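Novice: As a plain string of letters, each chain reads:
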Amino acid sequence: MSGARQSALATLRGQIERIETAEVVHQQDRVALGHNEVDGVLKGGLARAAIHEVFCEGRQGAAGTGFVMGLAGRVSAQRPLLWVRQDFSEIETGALSMSGLAELGLDPRRVVMVRAADVESALRTSADALACDALGAVVLELWGDVRQFDLVASRKLTLAAQGSGVTGLLLRMAAQPLPSTAETRWMLRAAHSPPGSASMPAAPWSAWGAPRFDAELLRNRHGPCGRWIMEWNCDECQFSEPSTYSQPVAAAPAHRPDPAVPWQRRTA
Amino acid sequence: MGTGSREENASKQRNEPSIVVLKDNNALVIHALDDAASRLGLHIGQPLANARAMCPDLRVFDADVVADAKTLSDIADWCDRFTPLVALDSPHGLFLDITGCAHLFGGEAALLQTLVRALARQGFAVSAAIAGTSVCARTLTRQATGIIVADGGEAEAISSFPVSALGAGEAITTGLRRAGLKTIGDVASRNASEITARFGARFSTLLAHALGQGDAPINPRKPLPDYIVEKRFAEPIATDTMIAMTLSRLADTLIASMEKQGKGARRLEAAFFRTDGVVRAIMVETGRPVTRSAVIDRLFRERLDALADPLDPGFGFDMVRLSASRTEIVVQEQRDLDAHVHDNDELAALIDRIAARIGGKRVVVHLPQDTHIPESAVLAAPAQHHLTAAMQAEWPARVESEPPLRPLRLFDKPEPIKVPFATVPDGPPHQFTWRRALHAVVRVEGPERIAMEWWRQDGKQLTRDYFRIEDAEGLRFWIFRDGLYEGEVFDADGSPASPGWYVHGLFA
Numbered sequence: 001m002s003g004a005r006q007s008a009l010a011t012l013r014g015q016i017e018r019i020e021t022a023e024v025v026h027q028q029d030r031v032a033l034g035h036n037e038v039d040g041v042l043k044g045g046l047a048r049a050a051i052h053e054v055f056c057e058g059r060q061g062a063a064g065t066g067f068v069m070g071l072a073g074r075v076s077a078q079r080p081l082l083w084v085r086q087d088f089s090e091i092e093t094g095a096l097s098m099s100g101l102a103e104l105g106l107d108p109r110r111v112v113m114v115r116a117a118d119v120e121s122a123l124r125t126s127a128d129a130l131a132c133d134a135l136g137a138v139v140l141e142l143w144g145d146v147r148q149f150d151l152v153a154s155r156k157l158t159l160a161a162q163g164s165g166v167t168g169l170l171l172r173m174a175a176q177p178l179p180s181t182a183e184t185r186w187m188l189r190a191a192h193s194p195p196g197s198a199s200m201p202a203a204p205w206s207a208w209g210a211p212r213f214d215a216e217l218l219r220n221r222h223g224p225c226g227r228w229i230m231e232w233n234c235d236e237c238q239f240s241e242p243s244t245y246s247q248p249v250a251a252a253p254a255h256r257p258d259p260a261v262p263w264q265r266r267t268a
Numbered sequence: 001m002g003t004g005s006r007e008e009n010a011s012k013q014r015n016e017p018s019i020v021v022l023k024d025n026n027a028l029v030i031h032a033l034d035d036a037a038s039r040l041g042l043h044i045g046q047p048l049a050n051a052r053a054m055c056p057d058l059r060v061f062d063a064d065v066v067a068d069a070k071t072l073s074d075i076a077d078w079c080d081r082f083t084p085l086v087a088l089d090s091p092h093g094l095f096l097d098i099t100g101c102a103h104l105f106g107g108e109a110a111l112l113q114t115l116v117r118a119l120a121r122q123g124f125a126v127s128a129a130i131a132g133t134s135v136c137a138r139t140l141t142r143q144a145t146g147i148i149v150a151d152g153g154e155a156e157a158i159s160s161f162p163v164s165a166l167g168a169g170e171a172i173t174t175g176l177r178r179a180g181l182k183t184i185g186d187v188a189s190r191n192a193s194e195i196t197a198r199f200g201a202r203f204s205t206l207l208a209h210a211l212g213q214g215d216a217p218i219n220p221r222k223p224l225p226d227y228i229v230e231k232r233f234a235e236p237i238a239t240d241t242m243i244a245m246t247l248s249r250l251a252d253t254l255i256a257s258m259e260k261q262g263k264g265a266r267r268l269e270a271a272f273f274r275t276d277g278v279v280r281a282i283m284v285e286t287g288r289p290v291t292r293s294a295v296i297d298r299l300f301r302e303r304l305d306a307l308a309d310p311l312d313p314g315f316g317f318d319m320v321r322l323s324a325s326r327t328e329i330v331v332q333e334q335r336d337l338d339a340h341v342h343d344n345d346e347l348a349a350l351i352d353r354i355a356a357r358i359g360g361k362r363v364v365v366h367l368p369q370d371t372h373i374p375e376s377a378v379l380a381a382p383a384q385h386h387l388t389a390a391m392q393a394e395w396p397a398r399v400e401s402e403p404p405l406r407p408l409r410l411f412d413k414p415e416p417i418k419v420p421f422a423t424v425p426d427g428p429p430h431q432f433t434w435r436r437a438l439h440a441v442v443r444v445e446g447p448e449r450i451a452m453e454w455w456r457q458d459g460k461q462l463t464r465d466y467f468r469i470e471d472a473e474g475l476r477f478w479i480f481r482d483g484l485y486e487g488e489v490f491d492a493d494g495s496p497a498s499p500g501w502y503v504h505g506l507f508a
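From first to last, the protein sequence lines stand for chains W and C. For the first sequence, position 210 matches number 210 in full-length UniProt numbering, and the numbering has no gaps at all. For the second sequence, position 325 matches number 325 in full-length UniProt numbering, and the numbering has no gaps at all.
What the hints contain is simulated information worked out from the structure, not anything from laboratory work. This structure is a prediction, so every number in the text was calculated from the model and none was measured. Fair warning: there could be bad hints in the mix.
Pair ranges (Cβ atoms, derived) [as the list claims (entries may be wrong)]:
(1) Arg221/W <-> Trp454/C: 56 to 66 Å
(2) Gln431/C <-> Cys225/W: 28 to 38 Å
(3) Gly44/W <-> Trp454/C: 54 to 64 Å
Keeping only pairs whose Cα atoms sit at most 25 Å apart, straight-line, the calculated SDA-like set for lysine to any residue is [unchecked claim]:
(4) Lys231/C <-> Arg280/C
(5) Lys231/C <-> Thr327/C
(6) Lys418/C <-> Ala492/C
(7) Lys222/C <-> Gly277/C
(8) Lys222/C <-> Lys182/C
(9) Lys156/W <-> Asn15/C
(10) Lys156/W <-> Lys460/C
(11) Lys418/C <-> Val489/C
(12) Lys156/W <-> Arg362/C
(13) Lys361/C <-> Asp29/W
(14) Lys460/C <-> His372/C
(15) Lys156/W <-> Lys231/C
(16) Lys70/C <-> Met54/C
(17) Lys413/C <-> Gly427/C
(18) Lys263/C <-> Thr246/C
(19) Lys413/C <-> Asp29/W
(20) Lys182/C <-> Pro162/C
(21) Lys156/W <-> Val489/C
(22) Lys156/W <-> Arg267/C
(23) Lys156/W <-> Glu346/C
(24) Lys361/C <-> Asp107/W
(25) Lys156/W <-> Ala349/C
(26) Lys43/W <-> Arg59/W
(27) Lys43/W <-> Ala174/W
(28) Lys222/C <-> Arg280/C
(29) Lys418/C <-> Glu90/W
(30) Lys413/C <-> Met113/W
(31) Lys413/C <-> Ala174/W
(32) Lys413/C <-> Gly58/W
(33) Lys156/W <-> Asp29/W
(34) Lys361/C <-> Cys237/W
Positions of the beta carbon are idealized from the N, C-alpha and C atoms, including for glycine.
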């Protein structure tokens, strides 16, 4: 009797061990974000084949979106990106704009958008998509505290991501962090544009520069947490340390390109 | 070809004369009547007052033309089991083109018997006939039921019928009777030119068709699918496993027959025929031609799982049909060497699955449009049909080393904001209220003037001046003034008014 129990326990322990080692093996694959301190804390970069959560307040929705887009651009490596969203969040913070995406230096051609009517179908669609290894990343955008997204749902997504090697990014707007199986969890706020130097203080009319994020790493399964100002470099498509000046000293002329000149093909 | 006519079920049991009345020119007239009523000498088209005078204890029902049409269409759905070519002959007739189908049911006579019996069991009075032309068959059903006319025997079969069986209209029928032409044979014996001169070319065409000389084309309700496979059950099936198994077997057969001709399915329809006559059709579409039965199987499983009103087997389905209503020639690609092809296939399959579950319009890709107006610069198109186009689209290039000029999140409809009056004309606001929160403007870039497309019909809108704004918290907005400060916006009296302000998007 007790022998049988012992062996059952040993089998379970073995299974758990196998699951956990599998996780570790998968998470060797990491992508550097470009911000040295962050990459150091993340042991080389953002893990692929895992779930990452990005939280933000409702009115900071655009900052959260920008950060998630940056992460997706880093991890997806020229592969298609599936963006799953609820109908409701489009009313709250606006629709994801492809022109804006192109302005961030990312490629709108690779984005397939799923307009899910409710949370259940959004969750189910993302779990399906995470199992498809043709994708680079799956973004699930949820608005508000969602009862349906519990530990079980989160575990399902993680397993699907581990199986296929696709990275799952959760954009949770106006939501409180709850226990989940995510690899990292971020809290995002928009950061001010640089104030300018002493010799040339920023006037209210001076331009603001690249997108800047005040990113707080709330949870990191394999390292310490922290809080940094991260800037998204639209030209190089990576994050970087905040620059002192918002723009190059000699600004590029801000007129439209001459329509007679054929559009330059972006190299991306 | 058969004609079903509606009858009140209740009256049959009581044997009381009953009629259905319809309001016609402000008078209630008889629309339909049962045998008992017709034995009393009542006829269709008679005013209700006259009928009541002849027979005071009539049971009268109001006609419901819409419900009649619905019933006829349901019967037509059910008739799909005999042939894919079923046409409506309103108000209460159906044409079935059974060319090449009769042998599946044991010959024409057996088919006719099966059809009439099944409909009679449902409580319908049916009059059905089979003939070489649709008009001849219709003429036959007006007089008798169960007649089968062989090719070439049309003229002989209907020659003894009264002219009213032709259904040419009251005026012509009366005219023929007055001319002493009582039967169709009498009319046919006259010279065709005489008939045309007296009753018009239309009637003589009708007569020719009825006599088997040429035929009027019927207008089938659904286009003929390219491939059909079906399975009938002696014992109706009702369990989900059986249904799934049947579908996957049908998919195998369908794929096998399409493969021979190098085709793949783009649109598939599964029709479930219930024993009580209800038919449910479920459709799935794919972005690329499907050539594997496992894919069809999975798509239908997704679709059936996600149905808002699930498939109700009732007492079971006695037939399941799978048809490919749109097919395409499949271009074979080498899969093993080219990982890119594999990826695109996988993505297309994923999109098909999601579309089957939540609807094709909910999975979209984006195509750039050649316009400066921000809200119409991008077109969202169904991913199933436009995936390749979107992957190859050319987006306007970004200006190097510039901060983003367009917001990452764009509102469908710009949201109005409150801007205090005291601002520099033509300049940006110092503060504004959006969604009941006050935002103090710290940094501004702009304006970027976007003029509307005056060359379009609906382009006569106001010029917009867009500003990129950062507030004290670091939030970044894209706001615009709708209209120039002077000369574009006027109030009701025609004097210049101050233009409105809107927030159109949010920058990262």
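Novice: Lys156/W and Arg267/C: Cα distance at most 25 Å?
Specialist: Roughly 32 Å separates the two Cα atoms, so the pair is violated.
Novice: Is the Cα-Cα distance between Lys43/W and Arg59/W 25 Å or less?
Specialist: Between Lys43/W and Arg59/W the Cα gap is close to 31 Å, so the pair fails against 25 Å, i.e. violated.
Novice: Do the alpha carbons of Lys361/C and Asp29/W lie within 25 Å of each other, as the hint requires?
Specialist: violated, 35 Å
Novice: Does the Cβ pair Gln431/C, Cys225/W satisfy 28 to 38 Å?
Specialist: 36 Å Cβ-Cβ, so the 28 to 38 Å window holds.
Novice: Are the Cα atoms of Lys156/W and Asn15/C separated by 25 Å or less?
Specialist: violated, 66 Å
Novice: Are the Cα positions of Lys182/C and Pro162/C separated by 25 Å at most?
Specialist: holds, 6 Å
Novice: Given the hinted pair Lys361/C and Cys237/W, is their alpha-carbon gap at most 25 Å?
Specialist: With a Cα-Cα distance of about 31 Å, the restraint between Lys361/C and Cys237/W is violated, given a limit of 25 Å.
Novice: Quick one, are Lys413/C and Gly58/W close enough, alpha carbons at most 25 Å?
Specialist: Judged against 25 Å, a Cα distance of about 19 Å means the pair holds.
Novice: Lys413/C and Ala174/W were given as a pair; does the straight-line alpha-carbon distance stay at or below 25 Å?
Specialist: Satisfied, since the Cα-Cα distance of roughly 22 Å is no more than 25 Å.
Novice: Can the restraint linking Lys156/W and Glu346/C be considered satisfied, given a maximum Cα separation of 25 Å?
Specialist: At roughly 21 Å apart (the allowed maximum being 25 Å), Glu346/C and Lys156/W satisfy the hint.
Novice: Is the Cα-Cα distance between Lys222/C and Gly277/C 25 Å or less?
Specialist: Holds. Lys222/C to Gly277/C sits at ~18 Å (cutoff 25 Å).
Novice: So the hint says 56 to 66 Å: do the beta-carbon atoms of Arg221/W and Trp454/C match that?
Specialist: Roughly 58 Å apart at Cβ, these two residues keep to the hinted range, so it holds.
Figure legend: structure checked against the earlier numbered hints; hints not met, in rising order: 8, 9, 10, 13, 15, 16, 19, 21, 22, 26, 27 and 34.
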